[in-house]
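**Q** Protein chains in written order, with the numbering used here: chain X, 104 to 267; chain L, 104 to 267; chain Z, 104 to 267.
Careful: at least some of the hints might be erroneous.
Chain copies aren't distinguished; within one or between two, either way the pair holds.
When the alpha-carbon atoms are kept at most 20 Å apart in a straight line, the in silico EDC-like pairs for lysine to aspartate or glutamate are as follows [what the hints assert, rightly or not]:
1. K125 x D203
2. K122 x E136
3. K215 x D197
4. K151 x E174
5. K154 x D139
6. K215 x D117
7. K151 x D203
8. K151 x D197
Hint data in this document are derived by calculation from the structure and do not stem from the laboratory.
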Amino acid sequence: MTAHPTNTLRIASDVRLGKGVKLHDFVNLYGCEIGDETRIGCFVEVQKGAKIGARCKISSHSFICQGVTLEEGVFIGHGVIFSNDRWPRATGADAGILGDGAWVCQPTLVAKGASIGSGSTILGGIVIGENAMVGAGSVVTRDVPANATVAGNPARPMNPPSGN
Amino acid sequence: MTAHPTNTLRIASDVRLGKGVKLHDFVNLYGCEIGDETRIGCFVEVQKGAKIGARCKISSHSFICQGVTLEEGVFIGHGVIFSNDRWPRATGADAGILGDGAWVCQPTLVAKGASIGSGSTILGGIVIGENAMVGAGSVVTRDVPANATVAGNPARPMNPPSGN
Amino acid sequence: MTAHPTNTLRIASDVRLGKGVKLHDFVNLYGCEIGDETRIGCFVEVQKGAKIGARCKISSHSFICQGVTLEEGVFIGHGVIFSNDRWPRATGADAGILGDGAWVCQPTLVAKGASIGSGSTILGGIVIGENAMVGAGSVVTRDVPANATVAGNPARPMNPPSGN
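The shape of chain X in the complex, shown without the other chains (with noise of 0.2 Å):
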């Protein structure tokens, strides 16, 4: 892990880190698993719950939400957001603030081999299929079969590239 005059890693306790893992600087890890050789960026955070299996990368300005397994080798972007709840709200109606069991977690599964493209958005309650793809800055609402290239907002089917 890598080491500095000034730490600007945060790393709970009860993270559980695989071997050789590689964190870069201003990454805030709470109550997940990181799988062996998976490598995360800055600005990453990745919440309680999360599972991120081996030799996984995810890219600067990512956020992986509680509820979210990634299995082994997946690729992640920048700036990709995962999100968990269909229908957030800050307050109940006695106007009081949520706490953290007032919702119901949608679980999302990113499979083995499959890539997000930077700047997309992933709504909760997915599956994205082993080696799929999601193109760049798109918003994916439903679940992507295996294999498959999707983009857009939403995400619909398109061709894959040429010669891949």
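Please arrange chains L and Z on chain X, whose structure you already have, making use of the hints.
**A** Structure of chains L and Z alone, referenced to chain X:
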């Protein structure tokens, strides 16, 4: 407020913090007001002149700019970007860099109880009404009526969730 | 340059900083060039090989990757994400994690005086012409002519602002 051996909070002396505000690491606040019990996540910047009401939740990676007012109980998802200048430029007619006063700030209001989904971008000069809901990944280019649900780029009205 | 009791700037020794550059907190720069009088906001990363001209404004939460050249006087809004690899993967055919050289960088040029609105994503291999304007929340998938205004996902030409 959070305290750490290495302080990674940047709270300018002119910030007005309410009672019971919770701030996470890697936050940059200056010249703004934050209401009672509001929570602010990691990697958030709030600029001078922004006003955030009581019991709001501002999630990680979001940017609240000058000219933005959030009323009480507003939910801001992760990676939400406000803006206040529709035709920004770095330099002027003389090719010199423009100073802070060389543009017109377009104010935005997010009314009581509204929620803005993660990964959304909000243009300047917008009013988002009470209890309105902006879906994740939206680009909001015009006003949103109270209690409406909008989504997409540009954001358009959609059906509210069943049973909500 | 900003100085703080706790240093939260990461400026690698190989960065070439021009005269009068202004850097905010929580910035990560390595192997790049930054021109005279350019301003860089919080939570910004600039990768090796990126070249930023004089008198640019790079706003908070943005990511400037390898292969990007910004000419003089370019405005980059908040949360703007560049990319340089159209078909990224974390692992190769042998399931081992891919190294830094295992992909082809697609360079992007943003010409003199152009502005890119907040929350935009720019694909690799793009040329954005002189004084062009990219609207907030856009996904730029093809070249933008000089003086053009584009917006949307994918970004398409739109009418310029009245009186501009």
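**Q** The structure should be examined with respect to each hint, and the outcome stated for every one.
**A** Results for each hint:
1. K125 x D203: Only across copies: K125 and D203 sit 14 Å apart there, 30 Å inside one copy, limit 20 Å.
2. K122 x E136: within (12 Å within a copy, 34 Å between copies)
3. K215 x D197: Between copies only: 13 Å across chains, 43 Å inside a chain, cut-off 20 Å.
4. K151 x E174: Only inside one copy: K151 and E174 sit 17 Å apart there, 29 Å across copies, limit 20 Å.
5. K154 x D139: Classified as within: same-chain Cα gap 12 Å, cross-chain 34 Å, threshold 20 Å.
6. K215 x D117: neither (25 Å within a copy, 36 Å between copies)
7. K151 x D203: Within one copy only: 12 Å inside a chain, 29 Å across chains, cut-off 20 Å.
8. K151 x D197: neither (28 Å within a copy, 31 Å between copies)
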